[in-house]
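Fit chains B, C and D to the supplied structure of chain A, relying on the hints for placement.
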Amino acid sequence: MLEFKDTVAEAVAGVQDGSTVMIGGFGNAGQPFELIDALLEGGARDLTVVNNNAGQADEGLALLIKEGRVRKMICSFPRQSDSWHFDAKYRAGEIELELVPQGNLAERIRAAGAGIGGFFTPTGYGTMLAEGKETRFLDGKWQVFETPIHADVALIKALRADGKGNLVYRKTARNFGPIMAAAAKQTVAQVSEIVPIGALDPENVVTPGIYVNTIVKVG
Amino acid sequence: MLEFKDTVAEAVAGVQDGSTVMIGGFGNAGQPFELIDALLEGGARDLTVVNNNAGQADEGLALLIKEGRVRKMICSFPRQSDSWHFDAKYRAGEIELELVPQGNLAERIRAAGAGIGGFFTPTGYGTMLAEGKETRFLDGKWQVFETPIHADVALIKALRADGKGNLVYRKTARNFGPIMAAAAKQTVAQVSEIVPIGALDPENVVTPGIYVNTIVKVG
Amino acid sequence: MSEISTSAVSSGAAPKTSDAPLGRDDLARLVARDIAPGSFVNLGIGQPTLVSNYLTEEQDITLHTENGMLGMGPVAVGEQIDPDLINAGKIPVTELPGASYFHHADSFAMMRGGHLDVCVLGAFQVSAKGDLANWHTGAPDAIPAVGGAMDLATGAKDVYVMMTLLTKDGKSKLVPECTYPITGVGCVTRVYTDKAVFLIADDGVRVRETFGVTFDELAGLMDVPLLAG
Amino acid sequence: MSEISTSAVSSGAAPKTSDAPLGRDDLARLVARDIAPGSFVNLGIGQPTLVSNYLTEEQDITLHTENGMLGMGPVAVGEQIDPDLINAGKIPVTELPGASYFHHADSFAMMRGGHLDVCVLGAFQVSAKGDLANWHTGAPDAIPAVGGAMDLATGAKDVYVMMTLLTKDGKSKLVPECTYPITGVGCVTRVYTDKAVFLIADDGVRVRETFGVTFDELAGLMDVPLLAG
Chain A
1 MLEFKDTVAE AVAGVQDGST VMIGGFGNAG QPFELIDALL EGGARDLTVV NNNAGQADEG
61 LALLIKEGRV RKMICSFPRQ SDSWHFDAKY RAGEIELELV PQGNLAERIR AAGAGIGGFF
121 TPTGYGTMLA EGKETRFLDG KWQVFETPIH ADVALIKALR ADGKGNLVYR KTARNFGPIM
181 AAAAKQTVAQ VSEIVPIGAL DPENVVTPGI YVNTIVKVG
Chain B
1 MLEFKDTVAE AVAGVQDGST VMIGGFGNAG QPFELIDALL EGGARDLTVV NNNAGQADEG
61 LALLIKEGRV RKMICSFPRQ SDSWHFDAKY RAGEIELELV PQGNLAERIR AAGAGIGGFF
121 TPTGYGTMLA EGKETRFLDG KWQVFETPIH ADVALIKALR ADGKGNLVYR KTARNFGPIM
181 AAAAKQTVAQ VSEIVPIGAL DPENVVTPGI YVNTIVKVG
Chain C
1 MSEISTSAVS SGAAPKTSDA PLGRDDLARL VARDIAPGSF VNLGIGQPTL VSNYLTEEQD
61 ITLHTENGML GMGPVAVGEQ IDPDLINAGK IPVTELPGAS YFHHADSFAM MRGGHLDVCV
121 LGAFQVSAKG DLANWHTGAP DAIPAVGGAM DLATGAKDVY VMMTLLTKDG KSKLVPECTY
181 PITGVGCVTR VYTDKAVFLI ADDGVRVRET FGVTFDELAG LMDVPLLAG
Chain D
1 MSEISTSAVS SGAAPKTSDA PLGRDDLARL VARDIAPGSF VNLGIGQPTL VSNYLTEEQD
61 ITLHTENGML GMGPVAVGEQ IDPDLINAGK IPVTELPGAS YFHHADSFAM MRGGHLDVCV
121 LGAFQVSAKG DLANWHTGAP DAIPAVGGAM DLATGAKDVY VMMTLLTKDG KSKLVPECTY
181 PITGVGCVTR VYTDKAVFLI ADDGVRVRET FGVTFDELAG LMDVPLLAG
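So the protein lines, in turn, are chains A, B, C and D.
Under the numbering used here, read the first sequence as residues 1 to 219, first letter to last.
Under the numbering used here, read the second sequence as residues 1 to 219, first letter to last.
Under the numbering used here, read the third sequence as residues 1 to 229, first letter to last.
Under the numbering used here, read the fourth sequence as residues 1 to 229, first letter to last.
Bound-form chain A, shown alone (with noise of 0.2 Å):
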């Protein structure tokens, strides 16, 4: 059933200590970083997070990182000049991480919202990044496979929201968003604006209103 909050404290209750939680977001583009504050907030701990980035500076993903609530990151570029965060955190062995080219890992998340139980793909073929994996020669190119990530709660940012949960979202911020939205099995968004059921134009609709739990209006 679809929830309307009036607080990004309320919108992540669903978080709980141990939860596999996927968060929206490239860099700063679509990055919901009200409802990371909340997650900071709120205290839950042992989580898995997956996130193109492992954060950045002193906000968001990267305090929660701080913080040591995060027990592993599932991510494609932790090492930024501003990830000091994580950085210190892996370095002191009291962070794991799972490395995935954003390609894979872009796919395995839409493996994981589409029912596919694992796929093969080229990338990675003869690298670290696939060493003990199994390969299968398949349309002329060896192959990875590789398996779904599914989530426990998705954390996203849209620009709007209508009355049924459809969302759209804005330029490159989209990124994440509307492929973590179907991973999860509780996803959380937050939006700039909520707008009436029929606002929106069925043909432009981004993420269908079945994928979202939670929406909250931020800012």
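No wet-lab data here; the hints were simulated from the structure.
Treat the hints with care, as some may be off.
[Claimed, not checked] Listed next, the in silico DSS-like pairs over lysine-lysine satisfying Cα-Cα at most 25 Å (straight line):
(1) C:K157 with A:K185
(2) A:K5 with A:K217
(3) A:K133 with A:K72
(4) C:K171 with C:K16
(5) D:K129 with A:K133
(6) B:K66 with B:K89
(7) D:K168 with A:K141
(8) A:K72 with A:K185
(9) A:K141 with D:K157
(10) B:K141 with C:K129
(11) B:K185 with D:K157
(12) C:K90 with C:K129
(13) D:K129 with D:K90
(14) B:K89 with C:K171
(15) B:K133 with B:K72
(16) B:K185 with A:K141
(17) A:K72 with D:K90
(18) C:K16 with B:K141
(19) B:K5 with B:K141
(20) A:K89 with D:K90
(21) C:K157 with C:K129
(22) A:K133 with B:K133
(23) C:K173 with C:K157
(24) A:K217 with A:K185
(25) D:K171 with D:K129
(26) A:K66 with D:K90
(27) D:K16 with D:K168
(28) B:K72 with C:K157
(29) A:K185 with B:K141
(30) C:K171 with B:K133
(31) B:K66 with C:K90
(32) A:K133 with B:K141
(33) A:K141 with B:K5
(34) D:K171 with D:K16
(35) D:K129 with D:K16
Leaving out everything else, chains B, C and D in the frame of chain A:
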């Protein structure tokens, strides 16, 4: 290089004897009737056709089948009240049928466009349509290995194209268009309207022009 | 035929809800009433489409059609008919406020990824373990056609079957093992028939209610052991 | 070092196009000129982004950025800056008419499905067989980060590498076998360096042109056998 053609005959000139041709549409919605008619005129034979159905009544794909131009159909639902031309050819042993559950058809076409060499899906497990196929227990379910369906040419129908080949569709006529456009070496789209570059909102483009080779305006 | 069932449970434990078998419309009304508010639902071609006539506005059910739409409205009439707006049975339909369109891979990903709460399907047979047979009679000269049946059967969280309990020859379609080619393994969770509603449970087939027959009479019609309510 | 190459082919067969090594901008101009009109192109982070400065309107090149856009325009300045519109390097960019946005799985499907004509990437090393190493120095204390490098390397129809030919220590980065961890196997088709343009061909590494060195001098810098033009 994107090309705009004046006639449907020129638009389908790339289809050759022995080609695998994807044809968009579900029932009549989204069927590129004019392109199919041009294909009929053009004379290419020994075709493998990928479509959800196997032709209806005395038009379009049904006529292509009647004329003996289709060696093999890959589809999910050939048997309809008015699929008499397919029925006759099938009973006469003059056409090969690869029957594919509709979701596998869609996912296999999507896989071809996305560079996926194969995937596991629960659909069809334990049924006649999975006989002889590899199975594996994944995510708590028995799943069946399925492979991509590639095509030489896709013939699709869209509502509107811009000068970059970006496409938008109309209502449920969207169906197979976007995934077939990505799965074929060459994609031909018939559209009702061609608009200038910049006239489509980038947020609402459904098929980016990268997937489109040839556009022809009909009607 | 009913030895196991009648010996296994006390008879009469499943309520006889009506004195006569249910007609198609009454059955559709019953299925509609049982769908939880806010659900996303796919109604199969044929008898299951009748269910849409009995969904109430308060239930706020969103209908999915696998050719690429959520928020499908009633069948289109007159000037509403639009060849670009059809359902999975290729019947012109309408669009409700809050609808959305998507392509076939996205639509089937929605089904296959377990996002639909309920799908309602017709059937030739359902087995005691919830195997479904509804796509192929198995006749050697039949032209096979499957459409989205296997995806719906495998993907939806709950698969409800609507059918008459008996064939024209008086044989139960709820069977120990399907003899027709199956559509999906262990996928059916409920079976709505003119004579009873059956729940496919971990411990066996439970009879939730009967229509025009007693539990014992029902058990006598079938080879499947039955459990009460 | 150059025994194999100088003995294998006649020297001087690849034209010396300029008397001095090419600077980064001249190299970017050269790469830009070589991209076929109408191409869909992804430019990697760093040096490859310079290529965009030299693409002409007549070429009608469409730039892809893997975070979800086709039709990317120049870097945004002043009031154009929009935090929701960034490229894969997280730099604010602009949108050109005819652009489109899509989610990450669709964007990477576009790359991985072989739809991009060219991607231009930086590299630590390229092997004579076209293996690419550009994501990891292999240092034991390095924090690994890969981003979309492996998808680009594997997916684009043509992978062009732009790099200086030599390391700061004067060692060739075009090597018989990569010693750094690789990004992709046999994926590179051309290597643009300050000293020469190399084509990775079925029969070996061809030198298309040299800058500030002769073919023989070039061959003397490397352990890779070279073929002329």
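Now the hints, each set against the structure:
no.	hint	result
1	C:K157 with A:K185	holds, 13 Å
2	A:K5 with A:K217	holds, 8 Å
3	A:K133 with A:K72	holds, 20 Å
4	C:K171 with C:K16	holds, 21 Å
5	D:K129 with A:K133	holds, 24 Å
6	B:K66 with B:K89	holds, 7 Å
7	D:K168 with A:K141	violated, 36 Å
8	A:K72 with A:K185	holds, 19 Å
9	A:K141 with D:K157	holds, 14 Å
10	B:K141 with C:K129	holds, 16 Å
11	B:K185 with D:K157	holds, 13 Å
12	C:K90 with C:K129	violated, 32 Å
13	D:K129 with D:K90	violated, 32 Å
14	B:K89 with C:K171	violated, 35 Å
15	B:K133 with B:K72	holds, 20 Å
16	B:K185 with A:K141	holds, 17 Å
17	A:K72 with D:K90	holds, 24 Å
18	C:K16 with B:K141	violated, 37 Å
19	B:K5 with B:K141	violated, 49 Å
20	A:K89 with D:K90	holds, 24 Å
21	C:K157 with C:K129	holds, 16 Å
22	A:K133 with B:K133	holds, 22 Å
23	C:K173 with C:K157	holds, 23 Å
24	A:K217 with A:K185	holds, 21 Å
25	D:K171 with D:K129	holds, 18 Å
26	A:K66 with D:K90	holds, 23 Å
27	D:K16 with D:K168	holds, 23 Å
28	B:K72 with C:K157	violated, 35 Å
29	A:K185 with B:K141	holds, 17 Å
30	C:K171 with B:K133	violated, 34 Å
31	B:K66 with C:K90	holds, 23 Å
32	A:K133 with B:K141	holds, 21 Å
33	A:K141 with B:K5	violated, 35 Å
34	D:K171 with D:K16	holds, 21 Å
35	D:K129 with D:K16	holds, 24 Å
In this structure, the earlier hints numbered 7, 12, 13, 14, 18, 19, 28, 30, 33 are contradicted, and the remaining ones agree with it.
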